[in-house]
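Chains as they are written, first to last, in our numbering: chain A, 1 to 169; chain B, 1 to 102; chain C, 1 to 370.
I should point out that these hints are in silico values taken from the structure, not numbers from a laboratory. Do not take every clue at face value.
[Stated by the list, open to error] Here are the simulated lysine-lysine pairs, BS3-like style, with alpha carbons at most 30 angstroms apart:
1) C/LYS75 x C/LYS61
2) B/LYS26 x C/LYS144
3) C/LYS75 x C/LYS33
4) B/LYS26 x C/LYS75
5) C/LYS65 x C/LYS144
6) C/LYS312 x C/LYS144
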Amino acid sequence: MGAQILFFLCAALILISAIMVVTVRNLIHAALWLIATLFGAALLYASLDASFIAVVQVVVYIGAIAIMFIFAVMLTRRELLIKTDQTNANWPLALGLSAVMLVALGYVIGGFGVTLNTTPAAIPAGVDPLTLLGKALLAPEAYVLPFEVASVLLLAAMVGAVYVAMNKK
Amino acid sequence: MIPLSWYLFLSAALFCIGLYGVLARKNAIAILLGVELMLNAVNINLVAFWRYLDPTQMGGQVFAIIVFAVAAAEVAVGLSLVISIYRTRGTVVADELDMMKW
Amino acid sequence: MDWMLLLEWVIKSFVLSLILLGGFAYLTWFERKVLARFQVRIGPNRAGPYALLQPIADAVKLIFKEEFTPARAEKILFFLAPIVTVVPALVVAAVVPWGPDIQIGSYTLRLYIADISVGVLYITAITSIAVYGITLAGWSSNNKYALMGGLRSSAQMVSYELALGFCFVIAILMSGSMRPIDIVDAQRNGWFFLIQPAGAFVFLIATLAEVNRAPFDMPEAEQELAAGFHSEYSGMKFALFFMAEYTKMITISSIAVTLFFGGYLGPFVDQLPFLGPIYMLAKIVALLFFMVWVRATLPRIRYDRLMAFGWKVLLPLTLALVLITAVGILLAQEVNPNLIWITPVISAFAGFFAIGLVDRSLRRKAYAAR
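Pulled out of the complex, with its shape left as it was, chain A reads as follows (with noise of 0.2 angstroms):
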């Protein structure tokens, strides 16, 4: 009762915040109440026993993606002061696409039927998940290649944004 509690309790809270994300006018909010989405699917990881994604989460996605989104916005702080909709002029077929998006994914998803679980499997007794998941990206067997794939993306990236945003003189 009480994870069902949790759960619905993390779903409000990434869901309104995701609304707010995508409506409000102020980039700045916008940009905070994402944190609060961040920061409830952060508590859905704690929640499924996914300790160290979730406290990735938070340093990554709260502490370095989010802050540069607000660096962003105060860069470009002008774009603020318009008055005028912040939304484009196709918003509502958007709106009807995605709902019918979230029709289709859920009609999918309720498809699934009777192969979905109704409770978490169980963690043997003596497995560490954090363990595993060390093994597992360092593993040449496991997933050793898309984590230095990942890694390489990683550091072109950092490059590749280095470079368009100097200021050429």
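Given chain A, put chains B and C in place with the hints provided.
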């Protein structure tokens, strides 16, 4: 207790909200915010599947971590593009950025 | 039993908060006294013996000052920002172990609040949240100096967090655990400061930047920014920022002690567990003295140099230190345990190399300017 499908519905709803944000917002930074919401929806799915199917198979968490890396890379490049465009064109409204070259 | 545990948590949290808040009050006194000594003054000497009542007088003054909210400020964020700054500074202390387990009859008292398996990551997570308070304070004040201060601080803290994170990685590598209590235990055979001196120094430098202390107190540079992000704050809200800065000094010193200076370890600590908190406190005071000393000695660094130092010096240096530590640990495991002492030699060399490079680039700049 909590069926797996609840997590999937939550993530589907979050994904669709993000999709609306991407499609409907004018400001390029707001569009990137929508993309972040969609990536989070994906992560919720990955972690929920990891927990409900087989917690000894770390694929779900590993992919969630790779999604973090991709999200960070996307935001770094995306926002630097926005800043760069803002410097040269003085706007971050996606509709006004319609020149291929000048 | 459950409510006993809950009660224990509540009491421990309460005591820890009281210690941190009392520590904050007397840290201001300590800093003023020590700074005065450095500058050949007497310092505060009016309120009570040795001005011991000075913090109380300051608190009374700040409480009775007028609260001022600028026109067209973001009211809610302006109100929330000081709170968002203070809370992480207090919460971070939850995972720091203050001593070994104490047996009281059949009851084991553990001198930490939360035993989190990813405790070190928890610390990085909370410190990364701390950026928001300052950024939002700068933004919500509707003042361009405050905004500049907020922007600078967020850039500075995010940049130095990288170096800080790699120093955490060094400690994790050497102890093989992310649980603070295990990290302390792993230092029984030698503080990590001895094995990785360069890492400890980089950690201390990065903490100075992280808590916005001199010489990295750019966000509040008086001459350029008119006190920066808290220009518009007064009264109790200003006091909260003040409190956050000094509480952060204490907590981050306690983290530095845990990671690199042996935590609560010291002579006879296993026989007499109550010595643990005393050693811990002594080490924290030593580090706080170091911070005040740095403030009294070094002038403020120019902002572009500060960012360049973080990205071009500290980040590569800490990356190299992580590699050196990993190689040293591997050699010690595979060949001979004594080979671990290669690590301090090579890392000290790397540190001096970095200092030499900075020195050379500064000399070249000075030469070019002439």
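Holds or violated: C/LYS75 and C/LYS33, Cα atoms, limit 30 angstroms.
Violated, because 37 angstroms separates the two Cα atoms, which is more than 30 angstroms.
What's the verdict on C/LYS65 and C/LYS144, does the C-alpha distance respect the 30 angstroms limit or exceed it?
holds (24 angstroms)
Sort out whether C/LYS144 lies within 30 angstroms of C/LYS312, counting only the CA atoms.
Holds. C/LYS312 to C/LYS144 sits at ~29 angstroms (cutoff 30 angstroms).
Hint consistency between B/LYS26 and C/LYS144 [alpha-carbon to alpha-carbon, up to 30 angstroms]:
Since the Cα atoms of B/LYS26 and C/LYS144 sit roughly 26 angstroms apart, the hinted pair holds (cutoff 30 angstroms).
Compare the distance between the alpha carbons of B/LYS26 and C/LYS75 with 30 angstroms, and conclude whether the hinted pair is satisfied.
With a Cα-Cα distance of about 27 angstroms, the restraint between B/LYS26 and C/LYS75 holds, given a limit of 30 angstroms.
Does C/LYS61 sit within 30 angstroms of C/LYS75, going by the straight-line distance between their CA atoms?
holds (24 angstroms)
In the structure shown, a violation is registered for the earlier hint numbered 3 alone.
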